[in-house]
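K.L.:
The residues making up each chain are set out below.
Number of protein chains: 2
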Amino acid sequence: MIKMEKYLRKIGNEIWFTEVDRDNLKLDYRIKDIIYSENSLLQQIMVLDSYDFGRMLVLDGAIQTTALDGYIYNEMIAHIPLNTHPNPKNVLIIGGGDCGAAREVAKYSNIDRIDMVEIDEQVVNVCKDYLPEVSGDLSDPRVNFIFEDGTTFVKDKRDYLYDVIIVDSSDPVGPAVKLYELEFYKDLYANLNKDGLMVCQSESPIFYSETMINIYKHLNSLFPIVKMYMATVPTYPGGFWTFTMGSKKYWKPNPDKFDKDTLYINKEIIKSCFAIPEFIKRLLDMN
Amino acid sequence: MIKMEKYLRKIGNEIWFTEVDRDNLKLDYRIKDIIYSENSLLQQIMVLDSYDFGRMLVLDGAIQTTALDGYIYNEMIAHIPLNTHPNPKNVLIIGGGDCGAAREVAKYSNIDRIDMVEIDEQVVNVCKDYLPEVSGDLSDPRVNFIFEDGTTFVKDKRDYLYDVIIVDSSDPVGPAVKLYELEFYKDLYANLNKDGLMVCQSESPIFYSETMINIYKHLNSLFPIVKMYMATVPTYPGGFWTFTMGSKKYWKPNPDKFDKDTLYINKEIIKSCFAIPEFIKRLLDMN
Numbered sequence: 322m323i324k325m326e327k328y329l330r331k332i333g334n335e336i337w338f339t340e341v342d343r344d345n346l347k348l349d350y351r352i353k354d355i356i357y358s359e360n361s362l363l364q365q366i367m368v369l370d371s372y373d374f375g376r377m378l379v380l381d382g383a384i385q386t387t388a389l390d391g392y393i394y395n396e397m398i399a400h401i402p403l404n405t406h407p408n409p410k411n412v413l414i415i416g417g418g419d420c421g422a423a424r425e426v427a428k429y430s431n432i433d434r435i436d437m438v439e440i441d442e443q444v445v446n447v448c449k450d451y452l453p454e455v456s457g458d459l460s461d462p463r464v465n466f467i468f469e470d471g472t473t474f475v476k477d478k479r480d481y482l483y484d485v486i487i488v489d490s491s492d493p494v495g496p497a498v499k500l501y502e503l504e505f506y507k508d509l510y511a512n513l514n515k516d517g518l519m520v521c522q523s524e525s526p527i528f529y530s531e532t533m534i535n536i537y538k539h540l541n542s543l544f545p546i547v548k549m550y551m552a553t554v555p556t557y558p559g560g561f562w563t564f565t566m567g568s569k570k571y572w573k574p575n576p577d578k579f580d581k582d583t584l585y586i587n588k589e590i591i592k593s594c595f596a597i598p599e600f601i602k603r604l605l606d607m608n
Numbered sequence: 322m323i324k325m326e327k328y329l330r331k332i333g334n335e336i337w338f339t340e341v342d343r344d345n346l347k348l349d350y351r352i353k354d355i356i357y358s359e360n361s362l363l364q365q366i367m368v369l370d371s372y373d374f375g376r377m378l379v380l381d382g383a384i385q386t387t388a389l390d391g392y393i394y395n396e397m398i399a400h401i402p403l404n405t406h407p408n409p410k411n412v413l414i415i416g417g418g419d420c421g422a423a424r425e426v427a428k429y430s431n432i433d434r435i436d437m438v439e440i441d442e443q444v445v446n447v448c449k450d451y452l453p454e455v456s457g458d459l460s461d462p463r464v465n466f467i468f469e470d471g472t473t474f475v476k477d478k479r480d481y482l483y484d485v486i487i488v489d490s491s492d493p494v495g496p497a498v499k500l501y502e503l504e505f506y507k508d509l510y511a512n513l514n515k516d517g518l519m520v521c522q523s524e525s526p527i528f529y530s531e532t533m534i535n536i537y538k539h540l541n542s543l544f545p546i547v548k549m550y551m552a553t554v555p556t557y558p559g560g561f562w563t564f565t566m567g568s569k570k571y572w573k574p575n576p577d578k579f580d581k582d583t584l585y586i587n588k589e590i591i592k593s594c595f596a597i598p599e600f601i602k603r604l605l606d607m608n
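Top line first, the protein sequences correspond to chains A and B. In case it helps, this note's numbering puts the first sequence at residues 322 to 608. In case it helps, this note's numbering puts the second sequence at residues 322 to 608.
One thing to keep in mind: the hints can contain errors.
No copy labels: a pair is met if it fits in one copy or bridges any two.
Claimed, not checked - Lysine-lysine pairs mimicking BS3-like chemistry, simulated, CA-CA at most 30 Å apart:
id: 1; residue 1: K578; residue 2: K602
id: 2; residue 1: K569; residue 2: K353
id: 3; residue 1: K499; residue 2: K588
id: 4; residue 1: K578; residue 2: K347
id: 5; residue 1: K347; residue 2: K331
id: 6; residue 1: K538; residue 2: K581
id: 7; residue 1: K476; residue 2: K581
id: 8; residue 1: K570; residue 2: K331
id: 9; residue 1: K449; residue 2: K570
id: 10; residue 1: K499; residue 2: K327
id: 11; residue 1: K602; residue 2: K428
id: 12; residue 1: K578; residue 2: K499
The set of hints was computed from the structure by calculation and includes no laboratory data.
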């Protein structure tokens, strides 16, 4: 039995995990079993088996993805840009250690190269071993794992550029902060082909609206086309989640071309996910 | 100072409210102040002022609506049917004690009559007094408050029928159970004009999928047209929320006609809210 971590507590015979990332709202999940709990060089990594959400990846006390709904986030961050770009060949994923985004990208046979740059190798190994519901035990030979800081990786020169870049980052605290700065987006722009596009998760419009607004402004200062889209992700507080796409050329998704086997996204969702509620339009001065 | 109720606890100087409606997932909200806490003849009623969601209406320990996001649910349950019916004159609301749905319905000057049937008068009074962010201190003379069990009301005969019926019920526990039975939907059908339509909140596709499926089946057994639509409501666990519409004639919303002042819904949301994620389509055998 792994010793109880600081995020877990025992009440009678029950184990409860409390998410600690917010001061005034706490979510308590009843846990069946602690599958994995270790410190990597960078963070505390747990895989917990929960009653309501199945297995969950928890980094430094914050839930990253779950067996129940991980596919929603991963399908939305991967298929919307890949459906919008007419012919992506080289794809870069930054972050996404749970391998769920890479798994979705690998559904496209026309893609030649999938570079996945994740700062913490241990997260990838743990997810492959203990969270196959999300990682899919990813073994596609096109996926090139690079264990490095994403902000450093995009500073280096390569002899090829990307068609699509996906930034699948954790919240803007700790090591991920640099992934929310203008400097980083400039480097992404430089790594994209002249008709390339990028997407990043841009947080909750309710609980992290400042982050969302900053990302939108940063991308607007760099790309001729910026579009936001939305999904409901039950394990993220408030459910509401935004993604922001910066593009050099393409802006229209091609829902009729979509033919992948998925659990959330379909042609109708691709058509509709760019509809932005009025309060978010006002936050972004979109009207 | 009102005495601490069983749903509240003090930790140091902080007051926390724990939602008790689920066994394996608990949401704890930090509370600034207990605004109101009394038992009506039917239920325990609280208005709490929370840090993250502002004032919240809590019935028997379950959050019904909040100042932060109450408008999302109320706009979606009111405007989608009223935008779909080309010329509603008589509207019936069943439940909706927070008055938020009635407030949205009252934005339509072409509507002559708004009957609002709520079982607990005290909820309406409390929301008018202590939750004006949701109730809007509703004083429109067209709103006819009837404090009665909704299932009894629709058994009686009146000399007029309704164009639109909105069922704004609490979860299928306790007194609200009858609002989820086929018998009740049959009575709604009988109370609708020959081109009338009804809508009900049909719960979470993740945590109450059986309820959602039952409502969809019941309405399909009665109405020639049944459509489901969705919104993200941050204060409901998982965020995902479904609404199901049963209609005798009209099925197409008219987004271009929409001209109300709202915070969530707009033309694009009206067009897009009927897009159903793949996993829900599978639950409902829609494919």
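K.L.:
Each hint needs a verdict: does it hold in this structure or not?
P.N.:
For each hint, the structure was consulted:
Proximity of K578 to K602 under the C-alpha cut-off of 30 Å is found in both arrangements, the shortest distances being 29 Å within a copy and 20 Å between copies. In this homomeric assembly, K569 and K353 never come within 30 Å of each other (Cα to Cα): the closest approach is 47 Å inside a single copy and 47 Å across copies. For a Cα distance limit of 30 Å, the shortest separation of K499 from K588 qualifies neither inside one copy, at 34 Å, nor across copies, at 37 Å. In this homomeric assembly, K578 and K347 never come within 30 Å of each other (Cα to Cα): the closest approach is 42 Å inside a single copy and 41 Å across copies.
In this assembly of identical chains, the alpha carbons of K347 and K331 lie at most 30 Å apart whether taken from the same copy (17 Å) or from different copies (15 Å). Proximity of K538 and K581 under a CA criterion of 30 Å is satisfied inter-copy only: 28 Å between copies versus 32 Å inside one chain copy. In the homo-oligomer, the alpha carbons of K476 and K581 never lie at most 30 Å apart, since the shortest distance is 33 Å inside one protomer and 49 Å across protomers. Taking the shortest alpha-carbon separations for K570 and K331, neither the intra-copy value of 54 Å nor the inter-copy value of 56 Å comes in at or below 30 Å.
Taking the shortest alpha-carbon separations for K449 and K570, neither the intra-copy value of 36 Å nor the inter-copy value of 52 Å comes in at or below 30 Å. Proximity of K499 to K327 under the C-alpha cut-off of 30 Å is restricted to the intra-copy arrangement: shortest distance 27 Å within a copy versus 44 Å between copies. For a Cα distance limit of 30 Å, the shortest separation of K602 from K428 across copies, 22 Å, qualifies, whereas the shortest one inside one copy, 33 Å, does not. Taking identical chains as interchangeable, the C-alpha atoms of K578 and K499 are never at most 30 Å apart, the minima being 35 Å within one chain and 45 Å between chains.
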